[in-house]
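2 protein chains.
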Amino acid sequence: MRVAVLGAGDMGTAITAPIAANGHDVRLWGTTHDEHIIAALQAGQVHPRLQHPIDPAVNLLHADQIEQALAEADLVVVAVSSGAIDIVLDLVLATGMPVPPVLSLAKGLWHQPHEPVQVIGDRIQQMTGAPVIVVGGPAKANEVALHLPTVSVFASDDAGANQLASDLLQTPMYRAQTTTDRIGVELAAAMKNAYAIAVGVATGLEARLGLPHQNLKAALFPFAIEEMARLVHTLGGHPATVFGLAGVGDLSVTVAAGRNRLLGEMLGRGQPVADALAALVSTGMTIEGHAAAQHGYQMVRDIEGPGGIDEFPMLQALHRILFDGAPAFETLWDAISGQT
Amino acid sequence: MRVAVLGAGDMGTAITAPIAANGHDVRLWGTTHDEHIIAALQAGQVHPRLQHPIDPAVNLLHADQIEQALAEADLVVVAVSSGAIDIVLDLVLATGMPVPPVLSLAKGLWHQPHEPVQVIGDRIQQMTGAPVIVVGGPAKANEVALHLPTVSVFASDDAGANQLASDLLQTPMYRAQTTTDRIGVELAAAMKNAYAIAVGVATGLEARLGLPHQNLKAALFPFAIEEMARLVHTLGGHPATVFGLAGVGDLSVTVAAGRNRLLGEMLGRGQPVADALAALVSTGMTIEGHAAAQHGYQMVRDIEGPGGIDEFPMLQALHRILFDGAPAFETLWDAISGQT
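Residue numbers (the working numbering), protein chains in the order written: chain A, 1 to 340; chain B, 1 to 340.
If you're looking for bench data, these hints aren't it; they were derived computationally from the structure. Keep in mind that a hint or two might mislead.
Selected chain A positions facing chain B (Cβ under 10 Å, derived; list incomplete) [said to hold, decoys possible]:
| id | residue |
| --- | --- |
| 1 | P113 |
| 2 | P116 |
| 3 | V117 |
| 4 | Q118 |
| 5 | M127 |
| 6 | N142 |
| 7 | Q170 |
| 8 | Q177 |
| 9 | N215 |
| 10 | F223 |
| 11 | E226 |
| 12 | P306 |
| 13 | G307 |
| 14 | I336 |
Glycine included, every Cβ here is placed at the ideal spot set by N, Cα and C.
Please take these sequences and the hints and turn them into a complete structure.
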């Protein structure tokens, strides 16, 4: 079979490992931002961020070679950030070639000024008309690249497309649990970055006070999970999705390390939010959770009654911390201790 | 109000901090095993394990002073290990004094040869006839002793007793979330120790192979949660309890450190189970999760059809690893990848 992977970032590159191991024809296409990555890989060097070499069977393609990437492809894997989805899909559509099922590795929400926030899978479906499979669950790219044990969640309304995708990608060490709850998986994948900021505050407090705060950390975690489950329910997904790999699993790997946790840590240490963000952004980091907190908040802000903003005290607290400069620990502690 | 805390271990001693801070008359009674602790505290020294001094308002009582502990008590807090419950309650009953509501901090299952395994709250209720409140959720004793932010779950069939207990114990930093699902809270509190062994295996594998296994760790966690929820459902509790503080919260603090995680780590490194257990037991550690895996397994082993042992592949895997010497990673990976 033939698989086009669009985007040569960490995850796009990593996912070629199980696909190539299965013996498929994999094309890794780099965007204009990925030119240096494709060049490095073509020169036999390691991927500049992943620091791993790529399977020699993978065909490496530059930004102007998208037609070669798509030629007779049975599956397109979209592995660009949420902000680049429209640009890349426009390039795909401009080829005039038929679009096979699309598997999305993007974890975030689609947003444009003056348009309602939506999940990326819906946007891909609108633009391409193709069946869409979205991937959630805990999957650090470097471990997928090394064939280390990973269980992802593949979600699609289209059972046939989901079967095709999981058959193509699954190996003994890269497993796919399938579900029809695409909305739930996408919301969990996006919102866990926001809630990881909240859990990170406990780590920052430990550093600031020189005292362990494991009880706080372990309390923030289930409150986050329960709130994400209510959010998913409110927006048309299944709470059970959040209690599995896509929620509990992905949040646990996200709070173990990473930039969203780091922002929370800086806030917990008492750094003002503007300073913390400026410091992180200056190192080239994108803090997806910062945007997710804003977009998640927007999605429930105007709902009256059940499912409305009052059912999301942690998200409200996060919004006040990130956008109104409220003190991190006190605001979060009010939000969770108000539920006792 | 008057509160008798029976057992001067870490948690019994720690819980006197919020109660004393609320201005109640607290008596901390030590068992015959706690004589050195009571003596140290009476001499103004720190608690030998907690390493914190005790609030000077706490009345310290020796093993032969149980009547003084119980005199006109409004609440009895039982803070001994699950194996010592019968002994301590026999001492209480032998005084002939009326037994007020009993709050249990014991996390484990009651078991005796040739008798069915049961939750400790049921045993306390049988023996005393008093209303019982059990406590779950993530609460490391040293943090409770220092008034660091903690949210526990108080569970009771008796709403009045639960209200009394939470009024007595809650402070601005020690919060109690109340529920009627006593069975769910008790099972989660006991079984999280068993499942923490499984999650620990990923950490051991990291050490053995010198490679990160964060994806595996973050996959084992939600599979454990989902299985604990099914177990609670099967045995008469509410799955939602497991998705909150008592399950997700307590498991997350348990896998972050501690002896149950450590046993899993040793198994993940490839140590035979007998050697790992012998090494831990020789340092005086009790591995509650080892017994919990056995007792949890016993509780579902004989159920046919829905709720039967086939719905608990991780518990089956743990049982094979701990009691049949099956290889840790391979057995667990089969159990979870078989669900994809």
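Status of the hints after comparison with the structure:
With 10 Å as the threshold, the beta carbon of A:P113 stays out of range of chain B, its nearest partner Cβ sitting at about 35 Å, so the hint is violated. Given hint, A:P116 at the interface with chain B, is violated; its Cβ is 29 Å from that chain's nearest Cβ, farther than 10 Å. Interface hint status for A:V117: violated, as the beta-carbon distance to the closest one in chain B is roughly 26 Å, over 10 Å. The interface hint given for A:Q118 is broken, as the beta carbon of that residue sits about 26 Å from the closest beta carbon of chain B, more than 10 Å.
Evaluation of the A:M127 hint against chain B yields a violated restraint, the C-beta minimum of about 30 Å exceeding 10 Å. Among the interface hints, the one on A:N142 holds; its C-beta lies about 7 Å from the nearest C-beta in chain B, closer than the 10 Å criterion. Below 10 Å, beta-carbon pairs count as interface contacts, and A:Q170 has one with chain B at about 7 Å; its hint therefore holds. The beta carbon of A:Q177 comes within 5 Å of a beta carbon in chain B, closer than 10 Å, and the hint placing it at the interface holds.
For the restraint placing A:N215 at the interface with chain B, the shortest Cβ-Cβ distance is roughly 4 Å, inside the 10 Å limit, so the hint holds. Because the closest C-beta pair between A:F223 and chain B is about 8 Å apart, less than 10 Å, the hint holds. The interface hint given for A:E226 holds, since its Cβ lies 6 Å from the closest Cβ of chain B, which is under the 10 Å cut-off. Hint on A:P306 is violated. Least Cβ distance to chain B is approximately 17 Å, over the 10 Å limit.
Using the Cβ-Cβ criterion of 10 Å, the hint placing A:G307 at the interface with chain B is not satisfied: the shortest such distance is roughly 17 Å. Satisfaction of the interface hint for A:I336 is found here, the shortest Cβ-Cβ separation to chain B being roughly 6 Å, below the 10 Å cut-off.
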